[in-house]
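Using the sequences provided together with the hints, build the complete structure.
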Amino acid sequence: MEKEEFLLNFVSVSSVVTLFFFGISFIILQVLENAPANNLIAASTFGLFLTAFFSLIVTFIYLLRTTKSEAKD
Numbered sequence: 001m002e003k004e005e006f007l008l009n010f011v012s013v014s015s016v017v018t019l020f021f022f023g024i025s026f027i028i029l030q031v032l033e034n035a036p037a038n039n040l041i042a043a044s045t046f047g048l049f050l051t052a053f054f055s056l057i058v059t060f061i062y063l064l065r066t067t068k069s070e071a072k073d
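Using full-length UniProt numbering, read the sequence shown as starting at 1 and increasing by one per residue.
All clues given are correct.
Have a look at the derived ranges for each label pair, beta carbon to beta carbon: (1) 30 / 8: 32 to 38 Å; (2) 16 / 63: 18 to 24 Å; (3) 64 / 14: 17 to 23 Å; (4) 31 / 3: 39 to 45 Å; (5) 40 / 2: 37 to 43 Å; (6) 15 / 66: 18 to 24 Å; (7) 14 / 40: 16 to 22 Å; (8) 31 / 63: 34 to 40 Å; (9) 5 / 56: 17 to 23 Å; (10) 4 / 61: 15 to 21 Å.
No lab work stands behind these hints, which were simulated from the structure alone. None of these values were measured; they are calculated from a predicted model. Positions of the beta carbon are idealized from the N, C-alpha and C atoms, including for glycine.
And the structure:
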C-alpha cells in the first residue's frame, strides 16, 4: 500500500472513530450525570483522548508492519 493511500485511509478511519467516540462519550456522560450540554467539553476531551490513543495504536502497528516488510526486502 502506498503512503498516500494509507494516509487517506488513516484520515478517514480517524474521522469516523472521532465521531463515534465523541457520540459514545457524550451519551455516557449524559446518562451518568443527567446534566445538560455543559458536559460537551468533557465529552470532547474524552473522545479526543480515545481517538489519540487509537491513532497511536494504528500508527505503531503500521510502523511495525513497514519495518518488517523493509527487513524482508
